[in-house]
Amino acid sequence: MTPVMPSDFDPENAAPEDFVSPGLPVDEANTTGRVPLGDPEKIPDPADVEIPEDLREQIQAIVDKYPDRDHKGSPKSAAIPVLWIIQRRYGWCTPEGIVQAACVMQVTPAYLESVATFYDLLRTSPQGEHQVLVCTNLACWMRGGDELLDAFCEKTGADREAAGHGGALSADGQVLVSGFECLGACDLAPMASVDERYFGPLENADAETIVDQLEAGEEVLPEKALEKRGLAGGVAESSDPRVTEGKGPNR
Amino acid sequence: MIEETRVLLRHAEDPKMATISGYESYGGYETLKKALKEIDPEWIVGELEESGLRGRGGAGFSMGKKVSFLPHTDDAKYLCCNADESEPGAFKDRELMQRNPHQLIEGMIISSFAAGIGHAFIFIRGEYDDQADVLDRAVEEAYGAGYLGKNILGSGFDLELVVHRGAGAYICGEETALLDALEGKRGNPRLKPPFPAVQGLYGGPTLINNVETLSNVSHIVANGADWFKGFGTEQSPGTKVVSVSGCVKRPGNYEVELGVTLRDLIFGLAGGPLDGREIKAFYPGGSSSPVLTPAELDLPYSFEAMAEAGSMLGSGSIIVADDSVSIPRMAKRTSKFYRHESCGKCTPCREGTSWTDKMLERVVNGEATPMDLDIIASVQNNIMGNCLCVLGDAMAMPVSSMVKKFRDEFEEAIASEASAAWSASVMESAGAQSGRYVPDSQQPGPGGESPEVIRRKRLAGREIPSAMNGGGY
Numbered sequence: 000m001t002p003v004m005p006s007d008f009d010p011e012n013a014a015p016e017d018f019v020s021p022g023l024p025v026d027e028a029n030t031t032g033r034v035p036l037g038d039p040e041k042i043p044d045p046a047d048v049e050i051p052e053d054l055r056e057q058i059q060a061i062v063d064k065y066p067d068r069d070h071k072g073s074p075k076s077a078a079i080p081v082l083w084i085i086q087r088r089y090g091w092c093t094p095e096g097i098v099q100a101a102c103v104m105q106v107t108p109a110y111l112e113s114v115a116t117f118y119d120l121l122r123t124s125p126q127g128e129h130q131v132l133v134c135t136n137l138a139c140w141m142r143g144g145d146e147l148l149d150a151f152c153e154k155t156g157a158d159r160e161a162a163g164h165g166g167a168l169s170a171d172g173q174v175l176v177s178g179f180e181c182l183g184a185c186d187l188a189p190m191a192s193v194d195e196r197y198f199g200p201l202e203n204a205d206a207e208t209i210v211d212q213l214e215a216g217e218e219v220l221p222e223k224a225l226e227k228r229g230l231a232g233g234v235a236e237s238s239d240p241r242v243t244e245g246k247g248p249n250r
Numbered sequence: 000m001i002e003e004t005r006v007l008l009r010h011a012e013d014p015k016m017a018t019i020s021g022y023e024s025y026g027g028y029e030t031l032k033k034a035l036k037e038i039d040p041e042w043i044v045g046e047l048e049e050s051g052l053r054g055r056g057g058a059g060f061s062m063g064k065k066v067s068f069l070p071h072t073d074d075a076k077y078l079c080c081n082a083d084e085s086e087p088g089a090f091k092d093r094e095l096m097q098r099n100p101h102q103l104i105e106g107m108i109i110s111s112f113a114a115g116i117g118h119a120f121i122f123i124r125g126e127y128d129d130q131a132d133v134l135d136r137a138v139e140e141a142y143g144a145g146y147l148g149k150n151i152l153g154s155g156f157d158l159e160l161v162v163h164r165g166a167g168a169y170i171c172g173e174e175t176a177l178l179d180a181l182e183g184k185r186g187n188p189r190l191k192p193p194f195p196a197v198q199g200l201y202g203g204p205t206l207i208n209n210v211e212t213l214s215n216v217s218h219i220v221a222n223g224a225d226w227f228k229g230f231g232t233e234q235s236p237g238t239k240v241v242s243v244s245g246c247v248k249r250p251g252n253y254e255v256e257l258g259v260t261l262r263d264l265i266f267g268l269a270g271g272p273l274d275g276r277e278i279k280a281f282y283p284g285g286s287s288s289p290v291l292t293p294a295e296l297d298l299p300y301s302f303e304a305m306a307e308a309g310s311m312l313g314s315g316s317i318i319v320a321d322d323s324v325s326i327p328r329m330a331k332r333t334s335k336f337y338r339h340e341s342c343g344k345c346t347p348c349r350e351g352t353s354w355t356d357k358m359l360e361r362v363v364n365g366e367a368t369p370m371d372l373d374i375i376a377s378v379q380n381n382i383m384g385n386c387l388c389v390l391g392d393a394m395a396m397p398v399s400s401m402v403k404k405f406r407d408e409f410e411e412a413i414a415s416e417a418s419a420a421w422s423a424s425v426m427e428s429a430g431a432q433s434g435r436y437v438p439d440s441q442q443p444g445p446g447g448e449s450p451e452v453i454r455r456k457r458l459a460g461r462e463i464p465s466a467m468n469g470g471g472y
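Protein sequence lines, in the order shown, are assigned to chains G and U. To convert, note that position 249 of the first sequence is 248 in numbering that gives the first Met the number 0; the numbers rise steadily by one, no gaps. To convert, note that position 442 of the second sequence is 441 in numbering that gives the first Met the number 0; the numbers rise steadily by one, no gaps.
With the rest of the complex left out, here is chain G (with noise of 0.2 Å):
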């Protein structure tokens, strides 16, 4: 995602407070000096890694689901669900909880971070309490995707440029507004995920009541969810004795 830094930030004469723009969520470690997370190239140890006791059963339990083992013995195949799990807990893929994950995993921290670094939904930067991805893809597009985006920008004061190359929070921080490629439901067009829920077809001022029911706590948009659908061609009974007289399941 595009860095929350001004682009003429200098970071080695910023004072503490600079390292945090205006109406972002605060990193904490910024303000108050970040304890050193030692070297990204070796696999932390237990006993110098401070876990809480519950994202440490959360992350075994993963490991233990995996058949996998390197010949150290590390279960990587569990890399991206930990990362969810980390990303779930701390809001975004903190260096302290790719730390604490890496150390239950028994991997490097450099590691973890080359495989979050590579996948869009895994961010490596505070993202805000909400997440609004509105797909901009062909059909989406077609249908208007760009001007939903437009709307939701001009909403939460998101910057629309950022937006549209990997995602923008909005003025006060809470909302990552981004537009994203196919999100697989073009039948929604114009569609968004919010908060990892689908929404669609809406139009742009949709954007606005979202916006205000996701600040107000409230939920989003009952009607136009993409589980109160039913399927395209209704509810279609075929008389076709091929189908009817299949044994199969479905009967």
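It is worth saying that the hints were derived from the structure and are not from the lab. Since the model is a prediction, treat every value here as computed from it, not as a measurement. You may find that some hints are simply not true.
So, partial list: chain U residues that the calculated Cβ filter (under 8 Å) puts toward chain G [claimed, not checked]: (1) A166; (2) K184; (3) F266.
Partial pick of chain U residues on the chain G-facing surface, computed with a CB cut under 7 Å [as the list claims (entries may be wrong)]: (4) A58; (5) F68; (6) P70; (7) D74; (8) G183.
Using N, Cα and C, we set each Cβ at its ideal position, and we do this for glycine too.
Start from chain G and add chain U according to the hints.
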């Protein structure tokens, strides 16, 4: 009026289908019970091969053949269900998993039993959080009912099934990149051969199939290959869930026999173009397929007919563009996607998608010359077949088809956008006289025209020096 032929989506509008009791009330898991007790695994493999079921994920390779390629050894073997559906235009797997997850799970258990597989995975794209939750619940129910785990239904057959969420990368739909992602790495494709059937996940023999393909398995095992071949065409048997989207009245998933006409699908089921509009072009098999025009609407929708028309059925996703859609801009949208999703491993794809996108940007901004269209075409030729996987090809095919079939429109866009830019710059020069600041590049030169104006005129295809006109570049 065409009707749907719902086999996989039958009763799918009933919400209880998503639960194990609902699925069993419609005859679910009966086939599994019968298969484990009475059926020889070899017979299942033979029947799948005989049925002619072709992969529903894009390549259309025979599912039965894939199973038969797995070596008959005691090595640990793996099944990966590819639920990373990320192809623009495709949303059929989402519907199948959300409405009938147990149909997929039953198909996976039977396939694993047939091929002697002990570990199965469903790799679902991270964006499908709703559907992943549905699958998680369904897998838990199946474990609870004893359909998964150790010694399934007392048959001595063991199977573990894990739902694995991806995290947003189109490339992970490519089977070897999917394996890397499942192994917890960055999703980069691998060199083939060795093919996954020989050396796949964790180096073991691996079967990789699409959600829809695996959902068909229990139906084929229950009813036999001949029943399955009763649907569809000779080379494309069975039914297909087709996703229709874009500029149509009723976008959605429709299950039809393969071989119905495109007209029936687009006009009959999806309601045709919006009022007052006409269809200009459509992708017949997702954004990776070369576009077709209304002249091809009466072709049957089957793997062979689409290939013969110079396109492909792919994942079975039709995206319709009407006469309000600019084809150059549609090409730009397509290239932008592949540029973003290229993993960067192979140079022709990484550079080719990026430069195609930049050139198409020049086209839609009026900064290109007609010569650029030839360069775009030649770049596409240099991408195709030169990479580890087909992501680059997936951009090259539609983009070159658009440049070829709609070249007029590209040339017109270049000329009209450039002339619009030219008039704007003339207006700006005029503004100079009213005291506005004008940068040096736009100050009038000899003959009263600024260098920028002369450049724009040249770009618009006017006054191109004869040496450049028609010459090589």
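So, going through the hints one by one against the coordinates:
no. : hint : in the structure
1   : A166 : 4 Å, holds
2   : K184 : 7 Å, holds
3   : F266 : 14 Å, violated
4   : A58  : 19 Å, violated
5   : F68  : 22 Å, violated
6   : P70  : 19 Å, violated
7   : D74  : 13 Å, violated
8   : G183 : 3 Å, holds
Hint compliance for this structure: hints 3, 4, 5, 6, 7 are broken, all remaining hints hold.
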